[in-house]
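Enquirer: The whole structure should be built from the sequences, with the hints applied where relevant.
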Amino acid sequence: MTDAPEQITLAEWDGRYARLRSAGLAEPAYGGPLGRHLAGGDTRLDKLLYDNSAAALRLWNFLLSEADRLFAAGQAGKTIVAAMKDLGTVPVMACALPDVVAFYPDGAWWIPCIMEHGAGLLARADALGIDESFCPVRAMLGAFASGAHWPEPDVLICSVGAVCDDFSAIAQRLDGLGHPVFWWEMPARRRPDPGEPAVRLPTGFTAPQSQVDVVRGELQRVRGALETAADKPLDDAALARGVREANAIRRVLAELRRLVFTAARCPLGALEMMIAEMLAIHFCSDRDEAHRVLGDLLAEVRRRVDAGRGILPADAVRVFWVNPVADLRAMNLLERCGGRLCGTELLFSHALDEIPTDVGPAEALARTALGDPMVGPAADRAERVCRDIRRFAAEAVVVSRIPGASHCALEGKVMHDMIAEKVHLPVVQIEVPPLSDPIAAKLRTRLEALVEVARGQRR
Amino acid sequence: MICVGIDAGSRAVKALALDAPGLETIGAMVTDQGVQQQETGDRIFARLLAAHGLAPGDVARTVATGYARNLVSAADTTVTEITCHACGVHHRLAEARTVVEIGGQDSKLLRLQADGSVRDFAMNDRCAAGTGRFLEMVADKLEVPLADLGALASRSAAPAAISSMCAVFAETEIIGLLASGTEPKDIIAGVFGAIAARATTLAGPRLEPPVAFTGGVAMVAGMDKALAEAIGHDVAVVPDPQFTGALGAALLAARQCHPAPEDRGPTGGM
Numbered sequence: 001m002t003d004a005p006e007q008i009t010l011a012e013w014d015g016r017y018a019r020l021r022s023a024g025l026a027e028p029a030y031g032g033p034l035g036r037h038l039a040g041g042d043t044r045l046d047k048l049l050y051d052n053s054a055a056a057l058r059l060w061n062f063l064l065s066e067a068d069r070l071f072a073a074g075q076a077g078k079t080i081v082a083a084m085k086d087l088g089t090v091p092v093m094a095c096a097l098p099d100v101v102a103f104y105p106d107g108a109w110w111i112p113c114i115m116e117h118g119a120g121l122l123a124r125a126d127a128l129g130i131d132e133s134f135c136p137v138r139a140m141l142g143a144f145a146s147g148a149h150w151p152e153p154d155v156l157i158c159s160v161g162a163v164c165d166d167f168s169a170i171a172q173r174l175d176g177l178g179h180p181v182f183w184w185e186m187p188a189r190r191r192p193d194p195g196e197p198a199v200r201l202p203t204g205f206t207a208p209q210s211q212v213d214v215v216r217g218e219l220q221r222v223r224g225a226l227e228t229a230a231d232k233p234l235d236d237a238a239l240a241r242g243v244r245e246a247n248a249i250r251r252v253l254a255e256l257r258r259l260v261f262t263a264a265r266c267p268l269g270a271l272e273m274m275i276a277e278m279l280a281i282h283f284c285s286d287r288d289e290a291h292r293v294l295g296d297l298l299a300e301v302r303r304r305v306d307a308g309r310g311i312l313p314a315d316a317v318r319v320f321w322v323n324p325v326a327d328l329r330a331m332n333l334l335e336r337c338g339g340r341l342c343g344t345e346l347l348f349s350h351a352l353d354e355i356p357t358d359v360g361p362a363e364a365l366a367r368t369a370l371g372d373p374m375v376g377p378a379a380d381r382a383e384r385v386c387r388d389i390r391r392f393a394a395e396a397v398v399v400s401r402i403p404g405a406s407h408c409a410l411e412g413k414v415m416h417d418m419i420a421e422k423v424h425l426p427v428v429q430i431e432v433p434p435l436s437d438p439i440a441a442k443l444r445t446r447l448e449a450l451v452e453v454a455r456g457q458r459r
Numbered sequence: 001m002i003c004v005g006i007d008a009g010s011r012a013v014k015a016l017a018l019d020a021p022g023l024e025t026i027g028a029m030v031t032d033q034g035v036q037q038q039e040t041g042d043r044i045f046a047r048l049l050a051a052h053g054l055a056p057g058d059v060a061r062t063v064a065t066g067y068a069r070n071l072v073s074a075a076d077t078t079v080t081e082i083t084c085h086a087c088g089v090h091h092r093l094a095e096a097r098t099v100v101e102i103g104g105q106d107s108k109l110l111r112l113q114a115d116g117s118v119r120d121f122a123m124n125d126r127c128a129a130g131t132g133r134f135l136e137m138v139a140d141k142l143e144v145p146l147a148d149l150g151a152l153a154s155r156s157a158a159p160a161a162i163s164s165m166c167a168v169f170a171e172t173e174i175i176g177l178l179a180s181g182t183e184p185k186d187i188i189a190g191v192f193g194a195i196a197a198r199a200t201t202l203a204g205p206r207l208e209p210p211v212a213f214t215g216g217v218a219m220v221a222g223m224d225k226a227l228a229e230a231i232g233h234d235v236a237v238v239p240d241p242q243f244t245g246a247l248g249a250a251l252l253a254a255r256q257c258h259p260a261p262e263d264r265g266p267t268g269g270m
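These protein sequence lines are chains D and L, in that order. Count the first sequence with this note's numbering and you get residues 1 to 459, in order. Count the second sequence with this note's numbering and you get residues 1 to 270, in order.
Keep in mind the hints are simulated off the structure, nothing from the lab. Some clues are possibly wrong.
One-sided excerpt, in silico: chain D residues whose CB lies under 7 Å from chain L [to be verified]:
{"#": "1", "residue": "ASP193"}
{"#": "2", "residue": "GLU196"}
{"#": "3", "residue": "VAL199"}
{"#": "4", "residue": "PRO426"}
{"#": "5", "residue": "ASP437"}
{"#": "6", "residue": "ALA441"}
{"#": "7", "residue": "THR445"}
{"#": "8", "residue": "ARG446"}
{"#": "9", "residue": "ALA449"}
{"#": "10", "residue": "GLY456"}
Note that CB positions come from ideal geometry on N, CA and C, so glycine has one too.
Expert: Below is the structure:
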C-alpha cells in the first residue's frame, strides 16, 4: 500500500479495511475487519489508536483470535498446555512436540481492559477470595471459572519460588479449585561466591552453575509432564529444533526492536510494539504463524525506515518503558503526550534474548530461564535497563507499576533511584490500572511533564 | 504586553496577570474549582481582566496549567504544573534546588538545575495521601477552620501517631483517637508530621538544599516547620505559594512571546 503511515481509530480502520480489500489484500483465515472484535465484546478497542498498515491489522487479528484458535485446537484433539508464569520457556518446549498447543492463562490480565470489565473476571476472582490486593492477573482465575476464554488445558505447568508472589498465590487457589497444577521451582538467582563455578546467562547476568543445574533438573521434570500429556517423547533433537524455531522469532523481534527504537522517525506505535514483543513469550498459540506475523511487521517497518517515514513527529521524546501496562490505552497516551517508545523491559527480557545453541538444549533453556529479570535482585534488572537505555539513546524513563503487584512495590523505588543515578535521565513512576480513564488526567500530567523535562534537557 | 497564567487545580483555580516587560504582577485571583471545570477557568480569566480594566485583546498570551488545564478555552497553550511550578519558584527564589509542592490532590517534589529548569521530579500516587484534601478532611472531622490548624498544632506537646496516610483510613484513625481522648491539637500536629513525612518519601535519599515549599498547603501555618523537621533542611515558603503555578504559567507565556537571548530557561514545550 502506498498510504502514509499513521495512527487511526477503530472506525477509521473499517474504511481502510474496505480499501485494502479492494486493493487485493490477502488475509489469513483469522483475518477480517478489526471492528468485528468490538461486536464480540472487546469494547476497549473503540478507544485505542492503531497503526494503519496491513501488517498491524494482521498482528491485531492474530492476537484477538487466540481464543478461537485454542478452542479449535482442543476440538481437533491437540494437547493444550497452559504455561504459567515462566514467560518464555515452557512454550518453547511444548511447541517442540507435534500437535501440542501452548498458551499463557496469565494473558487474561488484559481481558478486564479489552472487555472493559464486560466479562466480569475480576468480580469472579473477588468471589473466589482473590481480591484487588492482588495483581490484575487474578483475572486468570475468573477466566478459568468462566470457561469462556480457553478450553480446559490438558496440563497446567506453573513456575513457583522466586517468581511473582501474587501469581503463586493465585495459581495455588486455582489448583485448590480443581485445576491441578504441575509445579516447578525457580530458585532466587544469586551472584556466584568467589571461586564458585559460574556461568554467564544469555541475559548478561552471571549465576552459579549449581543454580543452572537445579533449573535444568526442574525443566527435566517439566519435559516429563509434557511427554505424559502429549503421550509422545520429547527428545533432545526435537527440543533443539524447538529452540531454533524460537530463536528465529527472537531474531526477528530483535531486529524489529532495533529498527523501531533507533529510527530517526518512529516507524511503529508503542501499542503494536508491546504486542509484538509479547509474541516472543506466548506465540499466540501458533508459533509458526507468530513468526510470519512478526516478519510482516518487520518488513513494513523496514520499508518505513528506508523511506524516512514515521507515525509521530520527528521531535518526539525517546522514552524507555519499564513493566507492562494493564490498560493498553496508556501506550497511546505516551504518544499523545509527545513521547515515543525507545526501549522496553516488560518483565520478560530473558525471552527476547536468543537461547544458546552451543550447549545442549536443556542446559540452554535452563540458562535462559534463570536469566528471568524477576527472579534476581532488582539491581540486576535495573542494570539491564540502564544498559538498554544507553543502547537505544532514550531521553526519559517511565517505570510503570501494576496495582496490587507485589514485585512493583518491592522494585519500583529501587528501579527508579538506580536508573536516575546511573543514566541521569528524568524518570517518572506511574500506576496503570486495567481501566485508567478516571485517572487519565493524572497520568497525562506525569507523562507530559516527563516529556517537557526531557525536552528542556535537550537545550 | 500582558500575559496571563491560569492554574486550574483540583481544588482551586488561580489566575495571575503579568506585565511582561518588567515581569511585574498586575493582579491575581483565586476561586474554588467547580463541577463545570471549563466554565470555572474561563470565568476567572474574565473576572481577572475585568478587575484590572483589561480586555481579552490586551492579553498577548495565556498559558493554562494544573489538573484541568486542557479545559481552559481562554488559554493559547498548556504546560504541566511541574514546569510551571519550577518556573514560578525560580522567579521568586532563584537559589532553590529542591521544590516541595503540596496542592489539593497532588504532592510533588522537583529537583531544579541552576537555571530553574527541572532536572527530575516525583509525584504522589493517585490517592489523596499527604495532600491538601487530607488536611481538609482533618479540619472537617475536627470541626476546626482550615486556617486555624497551624495555630492549634503549634500548641501540641505530644503529636499523635497517625499510621495511615490514606485519607479514608486516616479518618477512621482520627475518630478512634478522638474517642480515646486525644486532643485535637495533638491530632493536627500528628497529621502535619505525617504529611511532611510523606513528602520526604518523594525526595529519596538525596535532597539538595535550598528547599522551597509551595502550593496551597504551604499557606497552612506550621506545615513549613513540620516539613523542615522531616527532611532535615531549612524550608523557605515561596511568597504567595498558592499562585506559584499561575505565576510560572504567566512567565512561560511571556517567554513564549519574546524569548530573551539571555533567557535560556524552559519555555514549556515551544
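Enquirer: Holds or violated: D:PRO426 as interface residue toward chain L, Cβ cutoff 7 Å?
Expert: It holds, given that the least Cβ distance between D:PRO426 and chain L is near 5 Å, below 7 Å.
Enquirer: Mind checking the CB of D:GLU196 against every CB in chain L and telling me if the closest is under 7 Å?
Expert: violated, 32 Å
Enquirer: Restraint: D:ASP193 near chain L, CB-CB cut 7 Å. Satisfied or not?
Expert: violated, 29 Å
Enquirer: Quick one, is the D:GLY456 hint okay against chain L at 7 Å, beta carbons?
Expert: holds, 4 Å
Enquirer: Can D:ARG446 be said to touch chain L, with a Cβ gap under 7 Å?
Expert: Holds, about 6 Å.
Enquirer: Are D:ASP437 and chain L close enough, Cβ to Cβ, to be under 7 Å, as the hint says?
Expert: violated, 12 Å
Enquirer: So, as I understand it, the hint says D:THR445 touches chain L; can you test that by seeing if any CB pair is closer than 7 Å?
Expert: Constraint on D:THR445 satisfied, holds at 5 Å.
Enquirer: A closest beta-carbon separation below 7 Å is what the hint needs, so does D:ALA449 meet it against chain L?
Expert: holds, 4 Å
Enquirer: With chain L as the partner, please determine if D:ALA441 meets the hint condition of a C-beta pair closer than 7 Å.
Expert: At 6 Å from the nearest chain L Cβ, D:ALA441 passes the 7 Å test, so the hint holds.
Enquirer: Hint validation: D:VAL199 versus chain L, beta carbon distance must be below 7 Å. Holds or violated?
Expert: violated, 34 Å
Going through the hint list in order, the structure does not satisfy hints 1, 2, 3 and 5.
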